[in-house]
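Enquirer: Sequence:
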Amino acid sequence: MSSTEASSNQVSRADRLGPTEIAEVLALAATAGDTDGADPLDEHVLLRLRDAHAAATHLIARSDDGTLTGYAHLDTTDPVSGVGVELVVHPAYRRRGIGRALARGVLASATGPLRAWAHGDHPSAAALAVDLGFHRARLLWQLRRPLTAPLAEPRLPDGVTLRAFRPGADDEAWLTLNARAFAEHPEQGRWSIEDLRLRLAEPWFDPAGFLLAVESATDRLLGYHWTKVHERPGSAPIGEVYVLGVEPSAHGGGLGRALTTAGLAYLRERRGLDRVMLYVDESNTGAVALYERLGFARWSAHVNYHLG
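Read in the numbering used here, the sequence shown has 278 at position 276, and its numbers run on one by one without any break.
Among the clues, some could well be false.
Estimated spans, in silico, between C-beta atoms of each pair [stated by the list, open to error]:
(1) Arg97 with Arg52: 45 to 55 angstroms
(2) His308 with Thr37: 24 to 34 angstroms
(3) Asp67 with Arg97: 14 to 24 angstroms
(4) Ala110 with Tyr281: 29 to 39 angstroms
If you are wondering where the hints come from, they were derived from the structure by calculation, not from laboratory data.
Idealized CB from N, CA, C, for every residue including glycine.
All chains should be modelled from the sequences, with the hints used to inform the complete structure.
Expert: As C-alpha coordinates, then:
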(Lines of atoms letter the chains of each structure in order from A and count residues from 1; the text may use other names and numbers.)
(Lines give C-alpha, C1' and ligand atoms only; values in the text may rest on other atoms or scores of the structure.)
Protein backbone atom coordinates (compact mmCIF):
# COMPACT_ATOMS: atom_id res chain seq x y z
CA MET A 1 0.00 0.00 0.00
CA SER A 2 1.38 3.42 -0.89
CA SER A 3 1.72 6.22 1.64
CA THR A 4 -1.12 8.08 -0.10
CA GLU A 5 -3.43 5.10 0.28
CA ALA A 6 -2.44 4.60 3.90
CA SER A 7 -3.17 8.21 4.85
CA SER A 8 -6.52 8.03 3.06
CA ASN A 9 -7.58 5.09 5.19
CA GLN A 10 -7.58 6.82 8.57
CA VAL A 11 -10.93 6.18 10.22
CA SER A 12 -12.39 8.28 13.04
CA ARG A 13 -15.28 7.38 15.30
CA ALA A 14 -18.11 9.56 16.63
CA ASP A 15 -21.28 9.02 18.64
CA ARG A 16 -22.94 12.11 17.14
CA LEU A 17 -22.59 13.94 13.83
CA GLY A 18 -23.06 17.66 13.36
CA PRO A 19 -25.24 19.19 10.60
CA THR A 20 -22.26 19.66 8.25
CA GLU A 21 -21.13 16.06 8.67
CA ILE A 22 -24.66 14.76 8.15
CA ALA A 23 -24.93 16.77 4.93
CA GLU A 24 -21.60 15.28 3.78
CA VAL A 25 -22.77 11.73 4.48
CA LEU A 26 -26.06 12.29 2.64
CA ALA A 27 -24.21 13.74 -0.36
CA LEU A 28 -21.79 10.80 -0.36
CA ALA A 29 -24.68 8.33 -0.23
CA ALA A 30 -26.48 10.09 -3.09
CA THR A 31 -23.34 10.01 -5.27
CA ALA A 32 -22.78 6.32 -4.57
CA GLY A 33 -26.44 5.54 -5.22
CA ASP A 34 -26.38 7.33 -8.57
CA THR A 35 -23.22 5.45 -9.56
CA ASP A 36 -24.27 2.00 -8.38
CA GLY A 37 -27.99 2.08 -9.13
CA ALA A 38 -28.78 1.17 -5.51
CA ASP A 39 -28.85 3.46 -2.49
CA PRO A 40 -26.13 2.37 -0.02
CA LEU A 41 -27.99 3.46 3.14
CA ASP A 42 -31.53 2.30 3.85
CA GLU A 43 -34.36 4.48 5.10
CA HIS A 44 -33.88 3.44 8.71
CA VAL A 45 -30.29 4.74 8.68
CA LEU A 46 -31.26 7.99 6.93
CA LEU A 47 -33.96 8.66 9.52
CA ARG A 48 -31.54 8.00 12.35
CA LEU A 49 -28.94 10.29 10.78
CA ARG A 50 -31.39 13.17 10.90
CA ASP A 51 -32.54 12.36 14.44
CA ALA A 52 -30.31 14.19 16.91
CA HIS A 53 -31.36 11.83 19.72
CA ALA A 54 -30.77 8.53 17.90
CA ALA A 55 -28.03 6.38 19.41
CA ALA A 56 -25.52 5.14 16.85
CA THR A 57 -21.81 4.83 16.15
CA HIS A 58 -20.45 6.62 13.10
CA LEU A 59 -17.16 5.76 11.39
CA ILE A 60 -15.73 8.42 9.08
CA ALA A 61 -12.92 8.08 6.51
CA ARG A 62 -11.36 11.20 5.01
CA SER A 63 -8.61 11.96 2.51
CA ASP A 64 -5.65 14.19 3.33
CA ASP A 65 -7.56 17.26 2.13
CA GLY A 66 -10.53 16.48 4.39
CA THR A 67 -12.82 15.03 1.72
CA LEU A 68 -15.26 12.46 3.06
CA THR A 69 -14.28 9.23 1.31
CA GLY A 70 -16.24 6.63 3.29
CA TYR A 71 -18.79 6.17 6.02
CA ALA A 72 -20.10 3.32 8.18
CA HIS A 73 -23.17 3.42 10.41
CA LEU A 74 -23.55 1.09 13.39
CA ASP A 75 -27.02 0.73 14.86
CA THR A 76 -26.53 -0.49 18.42
CA THR A 77 -30.17 -0.38 19.58
CA ASP A 78 -30.87 -4.13 19.27
CA PRO A 79 -28.23 -6.08 21.23
CA VAL A 80 -30.19 -9.33 20.90
CA SER A 81 -30.25 -9.45 17.09
CA GLY A 82 -26.88 -7.73 16.86
CA VAL A 83 -25.39 -4.50 15.58
CA GLY A 84 -26.78 -3.34 12.25
CA VAL A 85 -24.09 -2.13 9.84
CA GLU A 86 -24.23 -0.14 6.60
CA LEU A 87 -21.09 1.04 4.82
CA VAL A 88 -20.41 3.18 1.75
CA VAL A 89 -17.25 4.34 -0.06
CA HIS A 90 -17.18 7.29 -2.45
CA PRO A 91 -16.98 5.97 -6.06
CA ALA A 92 -13.94 8.14 -6.82
CA TYR A 93 -11.99 6.64 -3.90
CA ARG A 94 -12.67 2.94 -4.32
CA ARG A 95 -10.00 0.24 -4.65
CA ARG A 96 -7.80 2.06 -2.15
CA GLY A 97 -8.58 -0.06 0.92
CA ILE A 98 -11.05 2.39 2.41
CA GLY A 99 -13.90 -0.12 2.61
CA ARG A 100 -11.64 -2.64 4.32
CA ALA A 101 -10.41 0.00 6.78
CA LEU A 102 -13.99 0.93 7.64
CA ALA A 103 -14.91 -2.74 8.01
CA ARG A 104 -12.01 -3.27 10.40
CA GLY A 105 -13.21 -0.23 12.32
CA VAL A 106 -16.64 -1.85 12.57
CA LEU A 107 -15.13 -5.04 13.95
CA ALA A 108 -13.12 -3.05 16.48
CA SER A 109 -16.09 -0.91 17.54
CA ALA A 110 -18.83 -3.52 17.87
CA THR A 111 -19.40 -6.34 20.31
CA GLY A 112 -21.69 -9.29 19.69
CA PRO A 113 -23.29 -10.39 16.42
CA LEU A 114 -23.12 -8.14 13.33
CA ARG A 115 -25.73 -7.74 10.57
CA ALA A 116 -24.46 -5.89 7.50
CA TRP A 117 -26.45 -4.94 4.40
CA ALA A 118 -24.88 -4.91 0.94
CA HIS A 119 -27.33 -2.97 -1.22
CA GLY A 120 -27.07 -4.05 -4.84
CA ASP A 121 -25.13 -7.27 -4.07
CA HIS A 122 -21.91 -5.91 -5.56
CA PRO A 123 -19.07 -8.43 -6.05
CA SER A 124 -16.64 -6.23 -4.09
CA ALA A 125 -18.95 -6.26 -1.07
CA ALA A 126 -19.34 -10.02 -1.32
CA ALA A 127 -15.55 -10.51 -1.52
CA LEU A 128 -14.97 -8.28 1.51
CA ALA A 129 -17.65 -10.10 3.49
CA VAL A 130 -16.10 -13.48 2.75
CA ASP A 131 -12.62 -12.23 3.67
CA LEU A 132 -13.90 -11.00 7.04
CA GLY A 133 -15.82 -14.18 7.86
CA PHE A 134 -19.39 -12.99 7.23
CA HIS A 135 -21.97 -15.33 5.70
CA ARG A 136 -24.99 -14.57 3.51
CA ALA A 137 -28.07 -14.84 5.73
CA ARG A 138 -30.87 -13.08 3.90
CA LEU A 139 -31.72 -11.90 0.38
CA LEU A 140 -34.08 -9.02 -0.32
CA TRP A 141 -35.35 -8.51 -3.86
CA GLN A 142 -36.29 -5.18 -5.36
CA LEU A 143 -39.06 -5.83 -7.88
CA ARG A 144 -40.34 -3.32 -10.44
CA ARG A 145 -43.35 -2.96 -12.69
CA PRO A 146 -44.42 -0.40 -15.30
CA LEU A 147 -47.66 1.34 -14.36
CA THR A 148 -48.39 1.82 -18.04
CA ALA A 149 -49.24 -1.89 -18.25
CA PRO A 150 -52.88 -2.90 -17.61
CA LEU A 151 -54.05 -3.02 -13.98
CA ALA A 152 -56.78 -5.30 -12.68
CA GLU A 153 -59.70 -3.69 -10.87
CA PRO A 154 -59.42 -4.08 -7.07
CA ARG A 155 -61.94 -6.65 -5.84
CA LEU A 156 -62.47 -6.26 -2.13
CA PRO A 157 -64.05 -9.06 -0.09
CA ASP A 158 -67.68 -8.54 0.92
CA GLY A 159 -68.08 -6.22 3.89
CA VAL A 160 -64.69 -4.53 3.39
CA THR A 161 -64.10 -0.95 2.28
CA LEU A 162 -61.05 1.25 1.70
CA ARG A 163 -60.32 4.58 3.32
CA ALA A 164 -57.29 6.79 3.92
CA PHE A 165 -55.14 6.58 7.04
CA ARG A 166 -55.94 9.25 9.67
CA PRO A 167 -52.75 10.41 11.44
CA GLY A 168 -53.25 10.44 15.18
CA ALA A 169 -56.55 8.55 15.11
CA ASP A 170 -55.30 5.34 13.44
CA ASP A 171 -51.77 5.17 14.84
CA GLU A 172 -52.22 2.62 17.62
CA ALA A 173 -54.63 0.38 15.70
CA TRP A 174 -52.29 0.34 12.73
CA LEU A 175 -49.27 -0.55 14.88
CA THR A 176 -51.21 -3.47 16.38
CA LEU A 177 -52.16 -4.73 12.92
CA ASN A 178 -48.64 -4.21 11.58
CA ALA A 179 -47.17 -6.24 14.45
CA ARG A 180 -49.61 -9.08 13.76
CA ALA A 181 -49.09 -9.00 9.99
CA PHE A 182 -45.29 -9.04 10.35
CA ALA A 183 -44.91 -11.08 13.53
CA GLU A 184 -42.04 -13.08 11.98
CA HIS A 185 -40.34 -10.18 10.20
CA PRO A 186 -37.00 -9.09 11.75
CA GLU A 187 -37.64 -5.34 11.28
CA GLN A 188 -41.13 -4.39 10.17
CA GLY A 189 -43.02 -6.17 12.93
CA ARG A 190 -41.07 -4.33 15.64
CA TRP A 191 -42.08 -0.79 14.69
CA SER A 192 -42.82 1.48 17.64
CA ILE A 193 -45.01 4.57 17.78
CA GLU A 194 -41.85 6.64 17.32
CA ASP A 195 -40.91 4.67 14.18
CA LEU A 196 -44.34 5.42 12.74
CA ARG A 197 -44.39 9.09 13.69
CA LEU A 198 -40.93 9.71 12.24
CA ARG A 199 -42.25 8.53 8.88
CA LEU A 200 -45.52 10.44 9.18
CA ALA A 201 -43.39 13.59 9.56
CA GLU A 202 -41.35 12.92 6.41
CA PRO A 203 -41.90 15.29 3.43
CA TRP A 204 -42.98 12.39 1.22
CA PHE A 205 -45.80 11.25 3.51
CA ASP A 206 -49.25 11.46 1.90
CA PRO A 207 -52.21 10.14 3.95
CA ALA A 208 -54.27 9.72 0.77
CA GLY A 209 -51.72 7.15 -0.39
CA PHE A 210 -51.90 5.18 2.88
CA LEU A 211 -54.87 2.93 2.14
CA LEU A 212 -56.63 1.03 4.93
CA ALA A 213 -58.97 -1.92 4.39
CA VAL A 214 -61.59 -1.84 7.13
CA GLU A 215 -64.55 -3.97 8.12
CA SER A 216 -67.51 -1.86 7.02
CA ALA A 217 -69.69 -2.62 10.03
CA THR A 218 -67.06 -1.99 12.73
CA ASP A 219 -64.21 0.00 11.08
CA ARG A 220 -61.80 -2.71 12.32
CA LEU A 221 -58.53 -2.66 10.38
CA LEU A 222 -58.01 -5.74 8.24
CA GLY A 223 -55.14 -4.66 6.00
CA TYR A 224 -53.30 -1.74 4.50
CA HIS A 225 -51.22 -0.61 1.55
CA TRP A 226 -48.91 2.29 2.35
CA THR A 227 -47.52 3.82 -0.84
CA LYS A 228 -44.54 6.11 -1.21
CA VAL A 229 -43.18 8.32 -3.99
CA HIS A 230 -39.42 8.72 -4.44
CA GLU A 231 -38.35 11.99 -6.01
CA ARG A 232 -34.73 12.88 -6.73
CA PRO A 233 -33.45 15.82 -8.80
CA GLY A 234 -32.51 14.71 -12.29
CA SER A 235 -34.47 11.45 -12.10
CA ALA A 236 -38.07 10.58 -12.94
CA PRO A 237 -40.13 9.89 -9.79
CA ILE A 238 -40.96 6.30 -8.96
CA GLY A 239 -43.67 4.90 -6.71
CA GLU A 240 -43.20 2.23 -4.10
CA VAL A 241 -45.34 -0.40 -2.46
CA TYR A 242 -43.86 0.82 0.80
CA VAL A 243 -45.55 -1.58 3.22
CA LEU A 244 -48.45 -3.94 2.57
CA GLY A 245 -49.93 -6.06 5.33
CA VAL A 246 -53.03 -8.15 6.00
CA GLU A 247 -54.53 -9.30 9.30
CA PRO A 248 -53.62 -13.02 9.57
CA SER A 249 -57.25 -14.04 10.12
CA ALA A 250 -58.14 -12.32 6.81
CA HIS A 251 -55.64 -14.28 4.70
CA GLY A 252 -56.93 -16.28 1.76
CA GLY A 253 -59.76 -13.96 0.76
CA GLY A 254 -57.92 -11.95 -1.90
CA LEU A 255 -57.47 -8.88 0.29
CA GLY A 256 -53.71 -8.65 -0.32
CA ARG A 257 -54.19 -8.66 -4.08
CA ALA A 258 -56.99 -6.08 -3.88
CA LEU A 259 -54.90 -3.79 -1.68
CA THR A 260 -51.93 -4.09 -4.02
CA THR A 261 -53.92 -3.18 -7.13
CA ALA A 262 -55.70 -0.34 -5.33
CA GLY A 263 -52.37 1.19 -4.34
CA LEU A 264 -50.96 0.79 -7.85
CA ALA A 265 -54.03 2.52 -9.26
CA TYR A 266 -53.54 5.37 -6.79
CA LEU A 267 -49.92 5.83 -7.85
CA ARG A 268 -50.85 5.85 -11.53
CA GLU A 269 -54.10 7.79 -11.51
CA ARG A 270 -53.68 10.18 -8.59
CA ARG A 271 -49.89 10.69 -8.67
CA GLY A 272 -49.35 10.32 -12.42
CA LEU A 273 -46.48 7.83 -12.14
CA ASP A 274 -45.41 5.33 -14.79
CA ARG A 275 -43.33 2.90 -12.71
CA VAL A 276 -43.36 1.34 -9.27
CA MET A 277 -41.04 -0.77 -7.12
CA LEU A 278 -41.15 -2.80 -3.94
CA TYR A 279 -38.90 -4.85 -1.67
CA VAL A 280 -39.65 -8.42 -0.66
CA ASP A 281 -37.70 -11.15 1.11
CA GLU A 282 -36.75 -14.06 -1.14
CA SER A 283 -37.94 -16.38 1.63
CA ASN A 284 -41.48 -14.90 1.49
CA THR A 285 -42.43 -17.12 -1.43
CA GLY A 286 -46.15 -16.34 -1.19
CA ALA A 287 -45.60 -12.60 -1.52
CA VAL A 288 -43.05 -13.05 -4.32
CA ALA A 289 -45.55 -15.20 -6.24
CA LEU A 290 -48.35 -12.64 -5.73
CA TYR A 291 -46.22 -9.76 -6.99
CA GLU A 292 -44.96 -11.71 -9.98
CA ARG A 293 -48.56 -12.58 -10.93
CA LEU A 294 -49.29 -8.85 -10.80
CA GLY A 295 -46.56 -8.10 -13.34
CA PHE A 296 -43.55 -7.34 -11.13
CA ALA A 297 -40.10 -8.56 -12.17
CA ARG A 298 -36.77 -8.77 -10.33
CA TRP A 299 -34.67 -5.62 -10.62
CA SER A 300 -31.87 -5.89 -8.02
CA ALA A 301 -30.81 -7.86 -4.96
CA HIS A 302 -29.80 -6.74 -1.47
CA VAL A 303 -27.89 -9.14 0.77
CA ASN A 304 -27.75 -9.21 4.56
CA TYR A 305 -24.51 -10.68 5.90
CA HIS A 306 -24.13 -11.99 9.45
CA LEU A 307 -21.11 -12.50 11.67
CA GLY A 308 -21.24 -14.16 15.06
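Enquirer: All hints are to be evaluated individually against the structure, with a verdict given for each.
Expert: Here is how each hint holds up against the structure:
no., hint, verdict
1, Arg97 with Arg52: 45 to 55 angstroms, "violated, 31 angstroms"
2, His308 with Thr37: 24 to 34 angstroms, "holds, 27 angstroms"
3, Asp67 with Arg97: 14 to 24 angstroms, "holds, 19 angstroms"
4, Ala110 with Tyr281: 29 to 39 angstroms, "holds, 31 angstroms"
Violated hint for the displayed structure: number 1, the only one.
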